Amino acid sequence: MNTDRFDLGGGEPIITLRDVAKSYWREALEIPVLQGIDLEIPVGAYIALMGPSGSGKTTLLNLVAGIDRPTGGSLEVCGHELNSLDDDQLAAWRNAHVGFIFQNYNLVPVLNAFENVELPLLLTGAGRGERRDRVEEALALVNLTDRMGNYPRQLSGGQEQRVAIARAIVTDPDLLVADEPTGALDAKNAEEVLALMERLNSEFQKTIVMVTHDPKAAHHAKHQIHLEKGVLDKAVEVNR
Amino acid sequence: MILGLLLAAPFLAYLAWLIWALVAYPIPLGYNLRSLWQRKLSSFSTAAAIALVVGIFVVVLSLAQGLSVAFVSSGRPDQALVLRPNARFELNSSIERDRMRILKVHPLLKRDAEGPMASAEVVVVKLFPMADGTDTNVTVRGLEARGITLRPQVRLVQGRWFRPGLSEVVVPRKMQGRFPSLELGRNLRMGGRDWQIVGTFDAGGASYESEVWSNVNDVMQAFRRESYSAMLARLESPERVEGFLKAVEDDKRLKLEVIRETDYFKELTKAGDPIKILGNLITLILTGAAIFAAMNTMYAAVAGRTKEIGTLRALGFRQREILASFQWESIFLCLTGGLLGSGLALFANGIQTGTTSFETFSDVSFAFTITPGLMAQGVAFSLVMGLLGGFLPAWRASRIPLTEAMKGG
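Chains as they are written, first to last, in UniProt numbering: chain A, 1 to 240; chain B, 1 to 409.
Treat the hints loosely; a few may be bogus.
Said to hold, decoys possible - Far from chain B by the CB rule (all over 10 Å, computed), these chain A residues: (1) Trp25; (2) Gly72; (3) Glu81; (4) Ala91; (5) Asn106; (6) Leu141; (7) Met148; (8) Asn189; (9) Glu198; (10) Gln205.
To be verified - Simulated pairs of lysine to aspartate or glutamate, EDC-like, Cα-Cα distance not exceeding 20 Å: (11) Lys407/B <-> Glu180/A; (12) Lys104/B <-> Glu144/B; (13) Lys307/B <-> Glu180/A; (14) Lys222/A <-> Glu180/A; (15) Lys307/B <-> Asp68/A; (16) Lys407/B <-> Asp19/A; (17) Lys110/B <-> Asp251/B; (18) Lys110/B <-> Glu226/B; (19) Lys255/B <-> Glu144/B; (20) Lys246/B <-> Glu144/B; (21) Lys246/B <-> Glu257/B; (22) Lys252/B <-> Glu96/B; (23) Lys307/B <-> Asp19/A; (24) Lys216/A <-> Asp174/A; (25) Lys407/B <-> Asp87/A; (26) Lys104/B <-> Glu249/B; (27) Lys229/A <-> Asp19/A; (28) Lys104/B <-> Asp202/B.
Derived from the structure by calculation, the hints contain no laboratory data. It should be emphasised that the depicted structure is a prediction, and the values quoted were computed from it without experimental measurement. Every residue, glycine too, gets a C-beta built ideally from N, C-alpha and C.
Construct all of the structure, not just a fragment, from the sequences and the given hints.
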């Protein structure tokens, strides 16, 4: 596979994948999920990873986000060669560089909105006052300042996802990864979330990699990358 | 001791690390406490099981404590008991009258205005009916008036002391609840005659609270005893006991054995061994069950929160932080049970009970004594249960592969 086929707008790459492969084993049987992935994603890109089920989109997202490790090739993300980091270093790297947005929000049910957003900041060594300021700022950005004390069960699906987005941006990461961020939302809330993500990309220059099945969601990205049976198929620039 | 320390070292090191983690690691404790509260039913039932075990543990310890108080507070280091050689206990001992005469004027005995401080005594065992309808052996002690002054912890609380020749007895106040026949003013039938209960005494928890007292000559006559059982003697100081022991044992006219009173009661403390062994056995079995209950609850918590664990890990929390967090959750669960159990054990405090001494074949009355120290031991015991019960689930929580955890296991 050749990176030339995937012109994502040039600029300094934030993600560089070289011949990345990932396989799983079921007993002695090797099941290849990703093969020969060569890809450069520049800073400020907004990518929608698309493809049929089992094409390897979520696996690719997990590799880029430092959740999983490749079985072959090299991955450089946000200036770090991820293969060279041990588990603790990778955890610290995720905290510093990646914000996560999940399909089912993944908020901790026993913590309120403020505490959920504060969670990643607890690892940064920021003092109580600084944490409060940053959480309030993040919640203001997603328009949920008035819901700070609410628990996830007291929020609508759209509000929960906005809290999750606030949690993803509170550490000011370089990269946001989103796995089907609108998969559990109705059309109106999905549109709000997508608009918010678009704003994070355009206004705050966050690089976003989003896995989605939804063509409408993918239309909000700048580029769509299609995977087919574990290999990159094509990249399409989105005309918005 | 060294082996114990070696075995405890990893445990203590792990505990020290956990305490450090509590301060240094960022997962807030509130997260665990609220998670426990969210699963109220399972948390409460586990805490209740732990409370039950800790309650039993504290009560078993208090049994031992009560017995120990009964015996240890009975003896004085400056007093000695003279017995027949190898008799070990007063009940098995006999000292003929002529030997007793020599003994009672022994030059090493402490003296006061009334003469040598010694009491010739006889001990017999008599079946008494208990409140529950069963009978049990009770020690009847015949003693001289001196015998009362040699036991300063004993004080009359009602009525008066017995008088010689009148077949009168005094009984311990604390036995009255368990033995309805020991009411003040009532008559007791023993040794073929009636004895009037003329007083009740309190012995501050000492083992005399298991004995009925009367005049030594009255008891010997009624029970047709030709010899005494023992002599209680006070020496000038605790250091003089050794000299008295040697003097009596070397005296060919006497051929008797002397034992320091505190040592004698220490030996009698073994009366509590069977009950302690049984109690410890029950506690051990229940502890296994409680640890299993805690483990089960924590495994269920981990299984139900796999995605949450995955999220925390994705956000940057490390495996050891997850381990410490879940381990503390288990500890808090068990500590809640421990505090509850220790508190519940307080209800047993002061309850008067008794056991049969296999040394003297008679009843030993004592009170459950729940001290702050015992309660602290109960809480510490629950901490151990929390550590043991929570370790494997917490380890499992920290080791779930991240991709698996994020999918929800």
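For each hint, the structure was consulted:
Its beta-carbon lying about 13 Å from the closest one in chain B, Trp25/A satisfies the requirement of being farther than 10 Å from that chain. Chain B leaves Gly72/A outside its interface by the beta-carbon criterion, the shortest separation being 17 Å against a cut-off of 10 Å. With a least CB separation of 19 Å from chain B, Glu81/A remains clear of the 10 Å interface cut-off, as annotated. At the 10 Å boundary, the C-beta of Ala91/A falls inside the reach of chain B, the nearest C-beta of that chain being 5 Å off.
Under the 10 Å C-beta cut-off, the non-interface status given to Asn106/A relative to chain B is violated; the minimum distance is some 4 Å. Leu141/A, annotated as away from the interface, keeps every beta carbon of chain B farther than 10 Å; the closest lies near 18 Å. For Met148/A, the requirement that its beta carbon stay farther than 10 Å from each beta carbon of chain B is met, with the minimum near 16 Å. Every Cβ of chain B is farther than 10 Å from the Cβ of Asn189/A; the closest lies at roughly 21 Å, confirming the non-interface assignment.
With a minimum CB-CB distance of about 23 Å to chain B, Glu198/A clears the 10 Å threshold, and the non-interface call stands. At roughly 22 Å, the least C-beta separation between Gln205/A and chain B is larger than 10 Å, which holds for a residue marked as non-interface. Between Lys407/B and Glu180/A, the direct Cα distance comes to roughly 13 Å. Compliance with the 20 Å bound is thereby established for this hinted pair. The suggested pairing of Lys104/B with Glu144/B holds, with an alpha-carbon distance near 12 Å, which does not exceed 20 Å.
Annotation: proposed proximity of Lys307/B to Glu180/A holds, straight-line Cα distance about 16 Å (limit 20 Å). Taking the CA atoms of Lys222/A and Glu180/A, the gap is near 16 Å; set against the 20 Å cutoff, the hint holds. Annotation: proposed proximity of Lys307/B to Asp68/A holds, straight-line Cα distance about 16 Å (limit 20 Å). Restraint check: the Cα-Cα separation between Lys407/B and Asp19/A comes to about 26 Å, which exceeds 20 Å; the hinted pair is violated.
This hinted pair checks out: Lys110/B and Asp251/B have alpha carbons roughly 19 Å apart, not beyond 20 Å. With a CA separation close to 27 Å, the supplied pair Lys110/B and Glu226/B exceeds the 20 Å bound. About 23 Å separates the Cα atoms of Lys255/B and Glu144/B, which puts this hinted pair outside 20 Å; it is violated. Under the criterion of a C-alpha separation no larger than 20 Å, the hint pairing Lys246/B with Glu144/B is inconsistent with the structure, at around 25 Å.
Between Lys246/B and Glu257/B, the direct Cα distance comes to roughly 9 Å. Compliance with the 20 Å bound is thereby established for this hinted pair. With a C-alpha separation of about 14 Å, the suggested pairing of Lys252/B with Glu96/B holds against the 20 Å cut-off. For the proposed pair Lys307/B and Asp19/A, the alpha carbon gap of about 31 Å is over 20 Å, so the pair is violated. The hinted pair formed by Lys216/A and Asp174/A fails the criterion: a straight-line CA distance of about 25 Å is larger than 20 Å.
Only pairs whose Cα atoms come within 20 Å are accepted, and Lys407/B paired with Asp87/A is accepted, the gap being roughly 19 Å. For the hint linking Lys104/B to Glu249/B, the alpha-carbon distance of about 15 Å falls within 20 Å, and the restraint holds. Straight-line distance between C-alpha atoms of Lys229/A and Asp19/A comes to about 15 Å, which keeps the hinted pair within the 20 Å bound. Of the pairs offered as hints, the one joining Lys104/B and Asp202/B is violated, with about 27 Å between alpha carbons and a cut-off of 20 Å exceeded.
Of the numbered hints listed earlier, those contradicted by the structure are 4, 5, 16, 18, 19, 20, 23, 24 and 28.
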